[in-house]
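Protein sequences appear in the order of chains P and R. Its first residue numbered 159, the first sequence is counted upward by one per residue in this note's numbering. Its first residue numbered 54, the second sequence is counted upward by one per residue in this note's numbering.
Just so you know, these hints were derived from the structure itself, not from any lab. Among these hints, one or two may not hold up.
What the hints assert, rightly or not - Straight line, CA to CA, 27 Å or less: simulated DSSO-like cross-link-like pairs of lysine-lysine:
1. Lys227/P - Lys97/R
2. Lys200/P - Lys131/R
3. Lys216/P - Lys64/R
4. Lys216/P - Lys131/R
Unchecked claim - Beyond 10 Å from chain P on every Cβ pair, some chain R residues (computed):
5. Ala55
6. Val57
7. Ser80
8. Gln94
9. Lys97
10. Leu98
11. Asp109
12. Arg117
13. Phe118
14. Ser119
15. Lys124
16. Lys136
17. Asp139
18. Ala141
19. Leu144
20. Glu159
Ideal Cβ positions, reconstructed from N, Cα and C, are used throughout, including at glycine.
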Amino acid sequence: AQSVTQLDSHVSVSEGTPVLLRCNYSSSYSPSLFWYVQHPNKGLQLLLKYTSAATLVKGINGFEAEFKKSETSFHLTKPSAHMSDAAEYFCVVRGLGGGYNKLIFGAGTRLAVHP
Amino acid sequence: EAGVAQSPRYKIIEKRQSVAFWCNPISGHATLYWYQQILGQGPKLLIQFQNNGVVDDSQLPKDRFSAERLKGVDSTLKIQPAKLEDSAVYLCASSLLPNNNRGENEQFFGPGTRLTVL
């Protein structure tokens, strides 16, 4: 079965410092992996996705993630945090079985950005 | 382009009452999903439709939850009777039909309905 584990439930950074949100995945096949962001009272928004092309994936708002098969990781990074980055971030793997296009979400990491 | 619309945005009911949520997907999206997001957890898929047919409802508690998409466009999700543990945000998402042999296409999410069961 496919699953993702987000290693930190809360991350706090200062504005202008790097962001690292960690995610490990478990999959019996070559996975499709995603990062979604959820701002308060807003819908989930896709940040970036990995679908077996380049292992370094660039997304919106300066975020990127690197797929590392040997470490079964898909960590999300950003060189310099902005106040507007404060939100909940979800690492997601596409599941198999049942319906196609099924998304399996991690528990989420809440990112706080301090001035 | 208009996004996924959901209503109501908030609902408070007492346990054992009934409640219904409505979702209107992005125009032209054949696939519609309902997710349940309990506080502190990631969303969990409840049911997936393709047009007006159910593709996956393996995690839908069928003794109390039901969903329909009669004309293949908008959808309703109903809970009857509600329990305290049903308190959550109910998210609707939609996507185009799969565009590759892995059955993939981006899902677009609505703002959700926050349900509180007292």
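Each hint tested on the structure:
1. Distance check on the hinted pair: lysine 227/P and lysine 97/R sit about 25 Å apart at the alpha-carbon level, within 27 Å; holds.
2. Proximity of lysine 200/P to lysine 131/R is assessed by CA-CA distance (about 22 Å); at most 27 Å being required, the pair is judged to hold.
3. At roughly 38 Å between alpha-carbon atoms, lysine 216/P and lysine 64/R are farther apart than 27 Å, so this suggested pair is violated.
4. Using a Cα cut-off of 27 Å, the hinted pair lysine 216/P and lysine 131/R is violated, with the two alpha carbons roughly 39 Å apart.
5. Consistency note on alanine 55/R: stated as away from chain P, and its beta-carbon is indeed over 10 Å from all of that chain's, at 12 Å minimum.
6. The beta carbon of valine 57/R is not kept farther than 10 Å from every beta carbon of chain P, the shortest such distance being approximately 7 Å.
7. Consistency note on serine 80/R: stated as away from chain P, and its beta-carbon is indeed over 10 Å from all of that chain's, at 17 Å minimum.
8. Against chain P, the non-interface label of glutamine 94/R is violated: not every CB pair exceeds 10 Å, the least being about 6 Å.
9. With a closest Cβ-Cβ approach of about 7 Å to chain P, lysine 97/R is found to fall inside the 10 Å limit, against its non-interface label.
10. The beta carbon of leucine 98/R is not kept farther than 10 Å from every beta carbon of chain P, the shortest such distance being approximately 6 Å.
11. A beta-carbon of chain P comes within 10 Å of the beta-carbon of aspartate 109/R; the shortest separation is about 3 Å.
12. Against the 10 Å criterion, arginine 117/R stays outside the reach of chain P, whose nearest CB is about 20 Å from its own CB.
13. Phenylalanine 118/R, annotated as away from the interface, keeps every beta carbon of chain P farther than 10 Å; the closest lies near 16 Å.
14. For serine 119/R, the condition that its CB be more than 10 Å from all CB atoms of chain P holds, with the nearest at approximately 17 Å.
15. With a least CB separation of 20 Å from chain P, lysine 124/R remains clear of the 10 Å interface cut-off, as annotated.
16. At the 10 Å boundary, the C-beta of lysine 136/R stays outside the reach of chain P, the nearest C-beta of that chain being 22 Å off.
17. Every CB of chain P is more than 10 Å from the CB of aspartate 139/R (nearest about 19 Å), matching its label as outside the interface.
18. In this structure alanine 141/R is separated from chain P by more than 10 Å, as the shortest Cβ-Cβ distance comes to about 13 Å.
19. For leucine 144/R, the shortest C-beta to C-beta distance to chain P comes to about 7 Å, within the 10 Å cut-off, and the non-interface label is violated.
20. For glutamate 159/R, the condition that its CB be more than 10 Å from all CB atoms of chain P is violated, with the nearest at approximately 6 Å.
Consistency note: the structure conflicts with the earlier hints numbered 3, 4, 6, 8, 9, 10, 11, 19 and 20.
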